[in-house]
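Using the sequences and the hints given, assemble the complete structure.
Given next are the chains, with one letter for each unit.
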Amino acid sequence: MPTFELQEQRKAPISQVGIVRWLRDNLFSSWASIGLTLFSLYLLYLIFPPMLDWMIFSANFNFGTVDIFGLEIKFSEEMATNANCGREAACWPYIYEKFYMYIYGFYPRAESWRVDIVYALTAMLFVMVRVLRNFTHKNKAFLVMFIIFPFASFYLISGGVFGLEHIETHRWGGLMLTLVIASVGILFSFPIGILLALGRQSNLKVISLFSTIYIEFIRALPLITILFMASFVLPMFFSEGMNFDKLLRALIAITLFQAAYFAEVVRGGLQAIPTGQYEAADAIGLNYFQKNALIVLPQALKISIPNLVGSSISLFKDSVLVLIIGLMDILAMVNMTSNDPYWLGRETEGFIFVTIVMWVFLYSMSRYSKKLEIRFSTDHKN
Amino acid sequence: MKQENSLLSFLNNNETRGVAFQIITFLIIAFVIYSGISNLMFNIEAREIHTGFAFLSNRAGFAINESMIAYTPEHSNLRVFYVGLINTLVVAFVGIIFATIIGLTIGIARLSNNWLISKLAGGYIELFRNIPILIQILFWYNIALVTLPSPKGSFNFFDSIFINKRGIYLPEPISEPGFIWVLIAFILGIGLTVFMKRHFNKKQDETGVYTHTFGYSVGLVLGLPIIVFFLMGSPMYFDYPSLKGFNFKGGRVFSPEFLALAFALSVYTATYIAEAIRSGIEAVNKGQKEAAAALGLTQTQSLKLVVLPQALRVAIPPTINQYLNLTKNSSLATAIGYPELMSAFGGTVLNQVGQAVEILGMTMLVYLAISLFISLLLNMVNKKMSIKGR
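Each protein sequence line maps, in turn, to chains A and B.
Following this note's numbering, the numbering of the first sequence begins with 1 at its first residue and continues without gaps.
Following this note's numbering, the numbering of the second sequence begins with 1 at its first residue and continues without gaps.
Since the hints were made in silico from the structure, they are not lab data.
Some hints here could point you the wrong way.
Here are the computed lysine-lysine pairs in the DSS-like style, where the Cα-Cα straight-line distance is at most 30 Å [claimed, not checked]:
no. : chain 1 : residue 1 : chain 2 : residue 2
1   : B       : Lys383    : A       : Lys205
2   : B       : Lys152    : B       : Lys244
3   : B       : Lys119    : A       : Lys370
4   : A       : Lys370    : B       : Lys286
5   : A       : Lys370    : B       : Lys289
Given below as structure tokens:
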């Protein structure tokens, strides 16, 4: 009787495993695909080497001696000037010199620690939201935090109390102003948006008509027309003696603008609530306020959270528009410093800096909104 | 006692309360509007600002470097309004065309089987979508001003296209009287193609025989006008730009402002269009493609008759919304001074005349009209595309 020995398993052909297989499947599966791969490689070759060279390898990093948290770090003998910086590549000392203006605007240097605290508080807020996620009374804690934070930040930045020097709004600027505008806009337009959404969905004809007209009217207009309205016409709507400062006018415009967009997002959430919920609330005798506050809105808002974040992202994007009515946000600062006669011809560095800063903010926000979307969409799958 | 009860129930009645609430809201809003307007009137009088639309016929007195219609500083403010409006429409039109082309390409590339292409497309979307459009406009504008050469050393393409700091110079086609016949031939060609298509579709319905019409269509739409063009003795010539002294003369010039604005708008909006296209194609159920294959449709037929109609139903409404957004964003030209509606009329004229209410009102009306027009278009498209149930 013949015996059969189990032979050792042959290895799969090299073309069918590992990286070779992956390359064949994903980059070289057909002639067209090979062409596309080569084309994209060429594109990458065209873009990246010159860009990296300009930004890093040939760029000038002669910052002189930099003081970071008390540590004296020496980059070079002295800071580069525009003349000895080289024309072919980036001159980062320019950004270093203007850095304070980009971050704090015209805020007095001696008082900049107040803004630093606000930045730190903001960062802490995000950390706290994560840390307290499983805390029993988290809703109350969040509410308290979100009420205290804006006031604390406002008094820290503006001053005038507790012996802090008062800083007028025209000296606010840079990234700080961008964040102030975005957060105030989001904070105040949110409740108005909810009211408008409820108004639009209301059975009362007059209220729903007014809300609808307001929402559709605002949404049809570019933000800049509303900003212009606020800066030229709004002061005239009030009686003499009520003097608005420029920042407040811009904030009003942005809040009113954003409220219409939030309203549409919340309305989407409201429409997704089954009628049975409204009827059940009516049946147990809740009044209009109780019905919305206890039954409808908690569900509707939860559904609309991803879209609310999305809408906040567009508000953050739009906040740089205040440059056009003369507020000195980060983009306006970059635009202004690019006319500095001492640093002529260094516009590009500034714009790249502001692009990177804004991109980092917006990209992380959009990742966060994607994450929320996934988290909330799985909730409804059984 | 009974009277009191009925009064109480009257007060507690939901309908009564509803009416009361509506009346109160109406009164509050009316009061706010009334007091606002009366304050406005008072302030306008106090500051001695003119009212009314008489300023429209006044001499504008400032130059606009880019206009589709004839314009000099001697023209009226109303003319500035038209110049701005036309420029807005031009930049929106150009932006929409390029945004659609880029968006389609990127959206399809995003779904490619090729890993590198799809990642590149994804990178493009994540990069440009997360940079505020105003930064992009200013960025490209500044880059263009810094990197482009002076007119003397301008980039020269075939001695007919020149690119320099002053913009891009293209040869301008100038038509002679006979050119109208070419246009007529073109329209006729389109009409004939539609007619032919109908005929062959009917034939296919009746007999099941499919006829390839692509060649005929190209012949009719392109060939016919070309033949007429040469028959009429080429009734069109190009006006080429040429360097005269320090600047170029002739041709059509598009300023760096226009180029930066159109470029930034198309690049930015394309990211949203790409996402719309992608979600549209992804929304088509895999079974649909399989069913089409099972029916024996070819790859092209399956794409044309089964996949695309369903993908477009999802993709087109958000795309049209993006067209509206692009048009609204074109108002950001104010930041770089391209003379479109908001910048020329809402900016410069406003600074000169100071009648903010009238000028901003007119500007807002234009945007309202554009957005109304686009929503009407959207409704029409939705109606046409909606699934027709039986």
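Checklist line | Hint check against the structure, violated hint numbers in rising order | finding: Of the numbered hints given earlier, the structure breaks none, since each of them holds.
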